[in-house]
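Engineer: Respectively, the protein sequence lines represent chains A, B, C and D.
The first sequence stops at residue 287 when you use the working numbering, and every number in between is there.
The second sequence stops at residue 322 when you use the working numbering, and every number in between is there.
The third sequence stops at residue 391 when you use the working numbering, and every number in between is there.
The fourth sequence stops at residue 253 when you use the working numbering, and every number in between is there.
These are computed hints drawn from the structure, not numbers from a lab.
You can take every hint at face value.
Pairwise CB distance ranges (calculated):
1) 141(C) <-> 135(A): 54 to 60 Å
2) 165(A) <-> 213(D): 52 to 58 Å
3) 154(B) <-> 184(C): 47 to 53 Å
As a list, the in silico DSS-like pairs of lysine-lysine whose alpha-carbon atoms are at most 25 Å apart:
4) 95(C) <-> 118(C)
5) 124(D) <-> 5(B)
6) 118(C) <-> 148(B)
Covered stretches of chain B, going by a simulated chain A footprint (3 or more residues, C-beta under 8 Å):
7) 48-61
8) 112-125
9) 128-134
10) 254-263
11) 301-312
The structure displayed is predicted, hence computed values, not measured ones.
Idealized CB from N, CA, C, for every residue including glycine.
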Amino acid sequence: MDSTLFIVQLINGIQYGLVLFLIASGLTLVFGVMGILNLAHGSMYMVGAYLAWYFVQHTGSFALSAFISAVIALCIGVVVERTLIRQLYRRNHLDQVLLTIGMIFVFNALQSLLWGNDPLGVEVPEALAASIPLTGIIEYPVYRIFVAVFCIVVAAAMYYVINKTRLGMLIRAGESNREMVECLGVDISRLYTIVFAIGVMLAAVAGVVAAPISSIVPGMGEHILISCFVVVVIGGMGSIKGAFVGALLVGLVDTFASVLVPELSSMMIYVFMAFVLLLKPQGLFSS
Amino acid sequence: MLFKKRAERLFMWVFFPLALLMPMFLEQNEYYVNKLTTIMILSIFVMSLDYLVGKCGLITLGHAMFYGLGGYLFVILAPEYEAVNFWVYTFYICAISAAIALVIGLLVLRTSGIYMIMITLAFAQMTFYYFSGSIDYGGTDGVFVYVKPETSIFGLSLFDLDNPTHFYYLCLLSLFNTLLFFKVLVRSQFGRVVDAIQVNPGRTTALGYNIFVYKLMSYVVASALGAYAGYLFTLQYGFVNPSMLSWTTSGTALVMLILGGIGSIYGAILGTITYEGLHYTLEHWTEHWMLFMGGLIILMVMVFKKGIAGFLEDLLEKRDGK
Amino acid sequence: MNKKNKIVKKVLVGISVMGLGFGAMAADPNPIKVGVMLPFSGVYGGLGDATRNGLKMALQEHAGELYGRQIEFIEMDTEAQPSRAPEIANSLLNKERADFIVGPVHSGVAMGMIKVLKDKNTIMIIPNAGIDAATGPLCAPNIFRTSFSSWQPSYPMGKIALEQGFKKVITMSWNYGFGKESLAAFEESFESGGGEIVKKILVPFPKTEFQSYLSEIGTIQPDAVFVFFAGGGAVKFVKDYDAMGLKSKIPLLGAGFLTEGTLEAQGVSAEGIQTTLHYADPLDNPENQRFRRDYQTNFGKPSDLYAVQGYDTGLMIASAVKALKGDISDQGALIKALETTEVISPRGAFTFSKAHNPIQNIYLRRVENGENQVIKLAASALEDPARGCKM
Amino acid sequence: MENNVILETEGLCKYWGGLKALDNLSLAFHDKQLHGIVGPNGAGKSTLLNMLCGHYKPTSGEIIYRGESISSIKPFEFARRGIGRSFQKTNIYTNATCLENCCVAVQRLMGGSFNFFRSRYSQKMLDDIATKALEKVGLAHRRDYIASQISYGEQRQLEIAMVLATSPALLLLDEPMAGMGHEESQLIINLLNTLKKEYCIVLVEHDMDAIFELSDQLTVMVDGQHLVTGSVDEVREDARVKEAYLGQGDEVY
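One chain only, chain A, in its complex shape (with noise of 0.2 Å):
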């Protein structure tokens, strides 16, 4: 491999890598704080771009249709926690799959019902939609670079929120003690609502920014779900931050894995996984 394609390689990597985070982020948020294991969050982030296509038919705008999107997933979020996933929380683990195993099957029957089968896609809007050129042959489309920057100011926002802010000390706490935020005078429950809506608009949101390089079919969530897992595992369930470096990890391996072992490459990063925990079983940033 030369030095230019391993540079557009390693650029393919981490691209792939920040949109693996933005997917991974709200699994990994809603485990940390509420320790829900959400088998359905993939479910969210098909819906998320099914949403997007459907609004970009009727708007004509990206933006508005990715904003429209979002709030419906936040809606979305709360409404789910409200029902279901309240009943969860003194329940253990096998209860939380079973229950978002069942939500996946209904969130596929309701795509189907509502969008059909066929594969859709979205266009790149119109602003972004030019490329550089970064070898002779070789273009990169913007758009690529919107996500990837898109990615990094996601993490970023939530670095600072979870850090910085009230909601990010509740969160933070939350991890550590249910019981003593709920000394504290919070109303927990609450702070779960909000957790909850916000890990499922994070899921959307990919959906939608991934929407125009991706192709919008059925079954995309699951795809992507188990990829999530990897991510989550290898960087520590309920790390934020061992999410990103979950993610840019997988997004490395799985594109020079593409390149150098073509035959084994979808093999490789659950081998790179099985690594990691060999060394650390807890994954790599383990509270």
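Based on these hints, arrange chains B, C and D on the given structure of chain A.
Structural biologist: Only chains B, C and D this time, still in chain A's reference frame:
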């Protein structure tokens, strides 16, 4: 007594005699015999999962890995156009699966709870992708088993696997043996330690037990039986495909398990029958059966936690109480 | 319990009218059972739906020529899950005792079905799955295909690539049967004509993260790229290929599925892509024009390739029933009737090879204004070599 | 006369990050003696016990059991060498009978724990040994009760019975009288008085009356540091002890 609960005994007395006689009523219709056979095979699979999840507290989302391995190991090991001995290959497949489970268990069981769920899933995905991409084993199209094994022991051949009714009885026998085996295992001295670990791992360590070894043994045993189920499934239609290894197979098995009543062992059979029945009915009723299936699963987790076995037990106990 | 479809009623009406004409004939009161094994949910759901629509449309149009026989459809959702395929096929065979079993879309499911249905007392008609083996080593008297073998649409492209002056080509597809068989067919004709495959990229199925592969293609700079992708993967690939700036520099060739049912989602990125296939929506013949118009009226959406394949399956069944005057109880006669059918399809008339695969025209198409415009006939009456078929 | 030393610690330290939970502790525990350990909250008593039974690994220093360093062996191996442990919070199998609780303990010694087929209910000898352990702590009459249904005091007794059932040489008891009424405490005190004739006992306890009554040796710890070790009377007179306790204010005896 091996079957202590009334519900259990009731089930044994109703299910097995009925299952034994079933093919006589269904002689005319090969489909139902085959369908019931599939249910038996799935029951063995779900039962092995119940032992892991319900009895050992090891929640896995990757049990399908062994189900698939059972099938693929046969395809890998057996010559393509030659009938091998069923029992010999049962031994091979269980032994190799057990060895694989031993290695994977060493890694997986270092973790617990949510981590274990995800890591077992990851290993299953790894094998799924391996066989999906493998050229030798048909990739996503899968492979055929052209010649089914013969079943002679000491020259005595009891079952002809090409005959659906014979195969049905083989699976029924396997199911009965698996149920008995797990009941004996649960009652055994080994089972005592497993119970202790499930209730209070810290205390058990402090009493001098190496709890890791017990978990590992349980994992190995359950995995080998899961592989046996996969082996039977493969033989039924002579077809192996990576979708046996997919995580939905594991997820569905968990749903069957909780539906039947977790930790009850025999509930696995009830759960499988009910799930398959529901699936069949919903599927014929509406194209959007997933919506109702999903809703049912959610409802079940919310209000029907003990499953059918638990419901039966409560019902009979209440009657006894009066 | 099964979905007895509305069409049964409509067919009945048709028959009562026709009954006057065929008054002398006593119609068999039992309906002809057509089992339908298609995916109605998940990724392949759209394909299954279109195929079913086409199938029903054909049988409805020819309801009057079935010698009084009604058609009963029994629909089963395969969920594109191969491991369930044998069971479902078994239920259609042994429980429903279906006369015809139409399906599937997915090659893995086809394998599972063939395992159960091969040499059994029913007719299996594959309306899509292209796996070569189905009309190759696994061929059987009772297995037919109305679509294509993987080999067929890709083989002519090798010659065309050479004609257009491409000497060094990269081939790429998902690492699964359909993809690998398509690439092999292309290579066969391309290499025999003196072309060189500089690299063959197999992407794990169903991965759709193509960036790293595209970067590699950009570095190698071949004369052209030949790919096999379908559905969601095709959408993603075409868009990524364009966004990386490769489309204008390295021409993209493909098996027709790359731009089939995906053009709307691919948008402008697909413009100019050349593909070969046995059909194209704007194909200029009267059957196709009528078919597309009627389909739009019946189902309120435009038809596609999969609808055509389903339609042809229906035509084939109807013509055999007609040829046998409604009596399909003799399997040998039925197979004979099916084998000799000439299907007057929207894709152009085709007949069946010894291995029961269509002998059909393959067209070269180019995407222009969001449509696959036919450039020329790439191969006329192309027959699959049916390697390994002993029939 | 001095009995043999069976367990020793040498320069034992445990740091949690920068926090010194236990600093440079060197103690010796003698056979057939009850060694009391007292100190205010956070003195490191539980940390010490947790290291003595292998639950925590020391940051540095050695644990020596009958002349052999056992700092690096696995937790379950401590129990196999005869180090039995009761916990601060009741730690039993709440869903099983008292007998079954003890059987789990006995079975480890008797073997058969890897027997997949032999029924756990057909082991007469095992049941007998377990019953004896229950008798020893005076719980024979509760033999077939479910552990969650007996009183709190009895649960603590049961826990001691379980430890005894493993035939230990050494008992590490973490506040066995915590949360008990006076009468129940007295039962435990009597029990310990009998047991210390047979076993080496390390007792962490907040009940000062009890510990002064029971201890042959007494160690006082403050802030993870060793303050003083000696007989009850020596400790009582020690000025540093008074100061330490007065300084803490809340726990005066």
